[in-house]
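Colleague: Single-letter residue listing:
Number of protein chains: 2
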Amino acid sequence: MLGEFDLIKRHLAALQRGSALRSDGYPESRDALAGVELGAGDDCALLVPSPHHLLAVSVDTSIADVHFPADAPAEAIGHRALAVSLSDLAAMGAQPRWCLLALSLPEVDEAWVGEFCRGFHALAARSGTRLVGGDLTRGHLSISVTVHGEVRPSAVLRRDGAEAEQLIAVSGPLGGARGGLEAWRGGSRALDFDPLLQAYLRPQPRIEAGIALAELASAALDVSDGLLADLDHLCRASGVGAKIDLTRLPLAPGLISALGHERAIAAALDGGDDYELLFTLPEHYLATARARLAGCGCELRVIGRTTEALGIRNWQGAPLAARGWRHFDGDGDQA
Amino acid sequence: MLGEFDLIKRHLAALQRGSALRSDGYPESRDALAGVELGAGDDCALLVPSPHHLLAVSVDTSIADVHFPADAPAEAIGHRALAVSLSDLAAMGAQPRWCLLALSLPEVDEAWVGEFCRGFHALAARSGTRLVGGDLTRGHLSISVTVHGEVRPSAVLRRDGAEAEQLIAVSGPLGGARGGLEAWRGGSRALDFDPLLQAYLRPQPRIEAGIALAELASAALDVSDGLLADLDHLCRASGVGAKIDLTRLPLAPGLISALGHERAIAAALDGGDDYELLFTLPEHYLATARARLAGCGCELRVIGRTTEALGIRNWQGAPLAARGWRHFDGDGDQA
Chain A
1181 MLGEFDLIKR HLAALQRGSA LRSDGYPESR DALAGVELGA GDDCALLVPS PHHLLAVSVD
1241 TSIADVHFPA DAPAEAIGHR ALAVSLSDLA AMGAQPRWCL LALSLPEVDE AWVGEFCRGF
1301 HALAARSGTR LVGGDLTRGH LSISVTVHGE VRPSAVLRRD GAEAEQLIAV SGPLGGARGG
1361 LEAWRGGSRA LDFDPLLQAY LRPQPRIEAG IALAELASAA LDVSDGLLAD LDHLCRASGV
1421 GAKIDLTRLP LAPGLISALG HERAIAAALD GGDDYELLFT LPEHYLATAR ARLAGCGCEL
1481 RVIGRTTEAL GIRNWQGAPL AARGWRHFDG DGDQA
Chain B
1181 MLGEFDLIKR HLAALQRGSA LRSDGYPESR DALAGVELGA GDDCALLVPS PHHLLAVSVD
1241 TSIADVHFPA DAPAEAIGHR ALAVSLSDLA AMGAQPRWCL LALSLPEVDE AWVGEFCRGF
1301 HALAARSGTR LVGGDLTRGH LSISVTVHGE VRPSAVLRRD GAEAEQLIAV SGPLGGARGG
1361 LEAWRGGSRA LDFDPLLQAY LRPQPRIEAG IALAELASAA LDVSDGLLAD LDHLCRASGV
1421 GAKIDLTRLP LAPGLISALG HERAIAAALD GGDDYELLFT LPEHYLATAR ARLAGCGCEL
1481 RVIGRTTEAL GIRNWQGAPL AARGWRHFDG DGDQA
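Quick mapping for you: the protein sequence lines, in order, are chains A and B. So the numbering used here is basically just the index in the first sequence, starting at one, shifted up by 1180. So the numbering used here is basically just the index in the second sequence, starting at one, shifted up by 1180.
Bound-form chain A, shown alone (with noise of 0.2 Å):
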C-alpha cells in the first residue's frame, strides 16, 4: 500500500550520505566523525555537539507559490530550501553541521523527488551539512528546514552590537533575486544561463563569509526581507541609526538593464531574497575585512554608515523606508 511512498522515502534516505542503510532499512549507528551518533531511523537522531561551542539553530518554510514558484525545477526548490536555512547559519557565524527536512508533498511523484533531493544533496554537502532526520507527509508542497551549526562564543555575528559611525557593508550584489522573480513572471525559464533566474531560485547562502567575519563585524544579518527591512532589524537592535549611500549600491549584473534604473535600485533596497550578509564594521577593520571576504569569493562593498541618530536616511539626508515588495511571511526573524 506504502510503496511509492517508501520509494519516496528511500530517495530521502540516500541523501543521508555516509549512513548507509542497512539491508533492514535501519542506518548504521556511528558515524563519529560528522557527530552523528546515530542518524535517521530511529525516534530521534542524536548528535554529538563540539565542546566549547554554542549550538546555532533556525528553521525556515518554504512554501510554494507563496516564496517560490511551484513549477520551477525541483533542483532548484530542494537547494532554495536549504539554502536559506544555511543563510540563517551563515548570519551567525556559524560552521553547518546537521540538518532535519520537514517535506509536505501533494503527490506521489518519485522523478520530482529524485531532482529535489539532488538539488538538495549537492549543497548539503559543499556545505557540510548532513541531513540527519525528517517528516514526509501529504499535503500542499511545503518544505521545513531546521539547520544545526556550532560557532564558539568569541566568534558569533548577532544584530544587536553594531555602534555609531561604524561602516554598513554587504557581502555582494543587490536586487537580483527580484529581478529573477520578476523574469521569471515574465516567462524566461533560463535557469542555467539567467544570473538573475539564479540569484533568485539557486541563491548562495555565505557561509564562509560569515565565518570569516568573526571578531570584525559588530553585527550581522542575512538580506532576506530587502537591505532596507533588514537594515532596519539590525539598526533596531543595536540602537543605533544609519545612513546610505544610493550610488554605491552593488547592483545585480544584468538588473539595470532588465528593470530599468528606478526598479533595480528599488529591488536592491526593498526585494529581498538576496541571502547576501549585511553588516556593520569598525572602518579599521575593512582591509583585513575586504581580504578575508576576497578569499571566500565574495567582494565586501562598503554602502553607509551607522549614526547616533535613530531612522535609515540616504547620503543626503532624506529617511528611507522600504515600500511593500514584501509578502505576507514578512520578515525572517525567528517567530
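Errors might be hidden in some of the hints.
What the hints assert, rightly or not - Here are a few chain A residues that face chain B, going by a calculated C-beta distance under 8 Å:
no., residue
1, P1229
2, V1246
3, L1303
4, D1315
5, L1490
These aren't lab readings, by the way, just hints derived from the structure by calculation. All values derive from a computational prediction rather than experimental measurement. Cβ atoms here follow ideal geometry from the backbone N, Cα and C, with glycine treated the same way.
With chain A fixed as given, assemble chain B onto it according to the hints.
Modeller: What follows is chain B alone, placed relative to chain A:
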C-alpha cells in the same frame, strides 16, 4: 501593512517564557539556566548543550485534516503538535530542552493563535521545553515542530536493542486515539469529558516514563503508527520476532463500549496515534520497571514476548499484520 501579522508574532514571542522582549522587540540575551545563550529575535537561537550528553533531535509535521481535524479546538491543536514531537524524545529516553515552531496559517486570526499558543505553552512548560525560535508563513494550516532533547549515552533507548525471549510491554492503554477519531467523526465534541477524544486530540508524551526506562528497556519506540506497525519496526531493527497475547492488550477506557469488542482490538493493534511507549525488557527487570513507571503515573502492561523466529504472531502462533488504518503519512520514522 503587517500589523495583524505582527500581533500574531507577539503571541508567539510570548510563548518564549523567560525571554522577555525589550521594548524594541529584541529579546534579552541570556538565560543561562535554560541553556539559552540567545533566544528568538536574531537569525538563529544560540543554545548551550550540556557536557557529556547526546543531543536528540526530531521533527514532526501536523497537517490540518490529515493529522488532526482543522476545526478541532486551537488549544488542542497546539498541544498535539508539540506532543507528537516530544513523544519522539520520550521514545529515546531524552529530556526535552528546546523546540522550534514552523507555523503555516491560512489567515490571520488572533484569537485562534492565542488558543493555539495556550495549548502549546502549557505542554512546553510542563515538559521543560523552551521555544527558542520559529517561522511564521501564510499557507494551508500546517505545523512543524522540531524538538531538541538531551540524554546521557548510557541512558539512550534505541529500537534496535531487543533480544529474543524478552518481555514486550507498553506504558499505557491503546486504541484510544482511534476511538477518539471515530467519536469526532460521529459528531462528538465533548473534548473535556470524553477520554477517547482526549486520547486523540490531547495525547500525553511519556517523557518521564522514557527517562525511567533507562538501562532497563532493551529497545523502545512510541506507538504512533499502531502497535503492530511499530512493533514491526522494533523487531526488524533488532532482528527478532514477537508473540503477542491479544487477551492482555490494555484497551483504552470506553473503547469497547464505543467500538464493540472486535473493532476495539483492531483499534489497539492498528489504530495508531496513541503515543504510549512500546518497549522490550529482560524479564528480571520487570518489577523495577513496573515500579518506576508507576512513579510516573503509568501502568506497565506486558503484552507478549520477543522470539528468535522473525515475524509477529498471536499467542496461538497465527501471523498478525497491520491492516491499514494508516494514512499516507505512513510511519513515524525519520525520513
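Colleague: Tell me, which hint numbers fail for this structure?
Modeller: 3, 5
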